[in-house]
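Student: Take a look at the letters that make up each chain.
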Amino acid sequence: MIDHAQSNAHTSGSIPLTQLTRGQSGRVQIDGAATDEIKMLRAMGLRPNASITMCRLGEPCIISLSGACGGGCRIGLAKEIAGRVMINIERQSETQPDGQSNG
Amino acid sequence: MSSVDSVPEISSRIIALLGNPNVGKTTLFNRIAGIRAKTSNFPGTTQDARHAQCCGAMLIDLPGIYSLDLEVSESVVCRQVLDGDLAPAGVDAHVPNAILVVIDATNLMRNMTIVAEAIAKRLPMVVAVNMMDLAKRQGIHIDLERFGECIGCTVVGCSGKTGEGVDELMQALDSATIPDRSAPTELDAIEAWGDDIYSLVAAARETPVNDRLTDRLDRTFTHPLLGVVTFAVVMTGLFWVIFKLAAIPMDLIDAWFGTLGGWVAGLLPEGPISGLLVDGIIAGIGGTVIFLPQIVLLFFLLALLEGTGYLARASFVIDRVLRPFGMSGHAFVPLLSSHACAIPGIMAARSVPDPKDRLATILVAPFMSCSARIPVYVLLTVILFPDSPGMQAVAFTSCYVIGVLAGLFSSLIVRRTILRGPSRPMAMELPSYRFPDLKAAGMLTYDRAMMFLRKAGTLIVAISIVLWWLGAYPQRPQQHILFSEDTTIEQQQRIYREFDTRYTFLGRIGDTVQPVFEPLGYDRQLTIGVLASFAAREVFVSTMAVQVVGSDDAEDDSVLASIANATRDDGTQVFTRATSWSLLVYYILAMLCLPTLVVTAKEAGGWRWAWLQLGWMTLLAYSGALIAYQAVSLLS
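If you're matching them up, the sequences are chains A and D in order. Quick note on numbering: the numbering used here labels position 3 of the first sequence as 16, and the sequence is numbered without any gaps. Quick note on numbering: the numbering used here labels position 614 of the second sequence as 1956, and the sequence is numbered without any gaps.
Bound conformation, chain A alone (with noise of 0.2 Å):
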């Protein structure tokens, strides 16, 4: 979920965008009542079961919206937004054997 109380236990195998490793693919879980972030995130794409890729760990995070849109488009996000945006995991793909964090 999109969840603005960080403490709130992961469900559904769902996990925090920061968490992701370079190249993981996963689905945005949306939960909880729309405030002004949750909005403009969804019609930016972040919507419910958007199929996104993390690209760059770190400030900023940046993720690219991929799924049945063609080219996709690319976001980024600063860390502190990217931490409150939750993910359900796919797949794992394509992680970098360089390691995860990017800064």
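Hint data in this document are derived by calculation from the structure and do not stem from the laboratory. Any given hint could turn out to be false.
[What the hints assert, rightly or not] Think about it this way: if two alpha-carbon atoms lie no more than 30 Å apart in a straight line, the pair counts; the simulated DSS-like pairs of lysine-lysine are:
| no. | chain 1 | residue 1 | chain 2 | residue 2 |
| --- | --- | --- | --- | --- |
| 1 | D | Lys1586 | A | Lys52 |
| 2 | D | Lys1781 | D | Lys1503 |
| 3 | A | Lys52 | D | Lys1781 |
| 4 | D | Lys1478 | D | Lys1503 |
| 5 | A | Lys92 | D | Lys1698 |
| 6 | D | Lys1478 | D | Lys1781 |
| 7 | D | Lys1503 | D | Lys1944 |
| 8 | D | Lys1797 | D | Lys1478 |
| 9 | D | Lys1463 | D | Lys1503 |
Using the hints, position chain D against chain A.
Tutor: Quick look at chain D alone, frame taken from chain A:
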């Protein structure tokens, strides 16, 4: 474009272009409108309004938004325009006659939110599926006819870049109708609706494009170390190009206005009309136009950089630096622009989404050392280090660094006191890397330059005229002064000039105010120079030149040498080491530009912000200059 049934009033038909950011809406608008496009304001807002009277209608390019249902200023403006409550300055506001929704063929699913929201407005509507050329290359196929059937209105495929489909689009707008289907209004339902339509009309690769090059570039440009190094190199290159290339047209402009002033002065008899024309109007216009080369170059190069997709990444790099000080990465372009002139920099702060971040950016933008300070920096660094070009360069660079540090410090104070609250973290779409569109960059630059001339030009000319008048009147009655026999002709001329100056309003204000500047080491001449700088900072050098040698040719080396060796009434040197350091610090930190104050008041939403800016910068400048003067005096 004309209605089938009746001849419309050309100015009353409004077509609003609506769409997400980065869908090429402005490129499409420029393709349709061409040179007829103008930029003004949406009254009562800080949003730019691009519009054009074209093809029998007023086309309005609305700000790019992800949704009408957000509380960001761009969405608020779009809602107001579509409800008929707002229009660009000079345009009669009413509900638009048609909406042209521009969507990105390579990102269809995400664009369906704005399509649904536009359908809900129940206005005649056409959907332009833009970037069809790019979609084709990426193997995306969209059934436009089926798409139109699903949403109940005409859908046209086009490319704003190549012009493909634009004629068909204009014809469709001619006969636009209200969609004969409805769309959901609740977000979950809109997304499901969008998914359904997408699955019916689009065929695309199911797996994401594996873009290793974009990945590598992103990781480099946003790396904590490499990203900063890249940023420093790009910015240094940008500044070098701007200052080097702009010097040529600036010299030409200076020479041309000097010649024009001399020609007009030669035509007219000496008197108030000649003075007003030459020293007020021509000098004021020249003082504005001379900024244009730097502003044009800066905005053109920034538009090119933005067009490559690099600036979006650089904003995140600079966000890390600015956020602890209460500003966001969005402040980067306004602060950079302020190094040419604070006026376009403050206007560029409209792009900062958070209101408090935007205000902080506006308040501290004048701390960035603008071009007008350069003549003052050059004069004082040469005086301080006459035989050491290396030290002159170090001192010159340090002026810029001190300005930036003072800006960051001031933002920190402001965000911890009157504008309390954390800076909004950034969430931004990162456009694809591509070759920049030269035409779009050129048009944007032209817009910005015209906006600068309209806003700043009128202000600077008006203030120049007022200051010229204060410095020219009243004129001292003719009286003969008895000099001792050993007084040289030069000394006598200097004494007459001094009496003339002291008799004017500016001179009297200088005499009255001088005791305030005494602790900083400024005599009456320097005080008048500082006061005259309120029109434009670089006026300080020519004002000193007039007082000292009777010539305002600040380019003449002999004049500069004379300024450096100027003496006070008691015979001591004006530019002592301590006074020079004090003046340098003062000019780095002080708000000495009335036109900037006026623009601050307008963009920040009130004169209290301008007074705050003036008060704070004056306090900082005075304190810094006082410490510098007293410290250097003690050490000497």
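Student: Compare the structure with each hint and give your call.
Tutor: Results for each hint:
no.	hint	result
1	Lys1586/D - Lys52/A	violated, 46 Å
2	Lys1781/D - Lys1503/D	holds, 10 Å
3	Lys52/A - Lys1781/D	violated, 35 Å
4	Lys1478/D - Lys1503/D	holds, 14 Å
5	Lys92/A - Lys1698/D	holds, 21 Å
6	Lys1478/D - Lys1781/D	holds, 23 Å
7	Lys1503/D - Lys1944/D	violated, 35 Å
8	Lys1797/D - Lys1478/D	violated, 44 Å
9	Lys1463/D - Lys1503/D	holds, 29 Å
The earlier numbered hints that this structure contradicts are 1, 3, 7 and 8.
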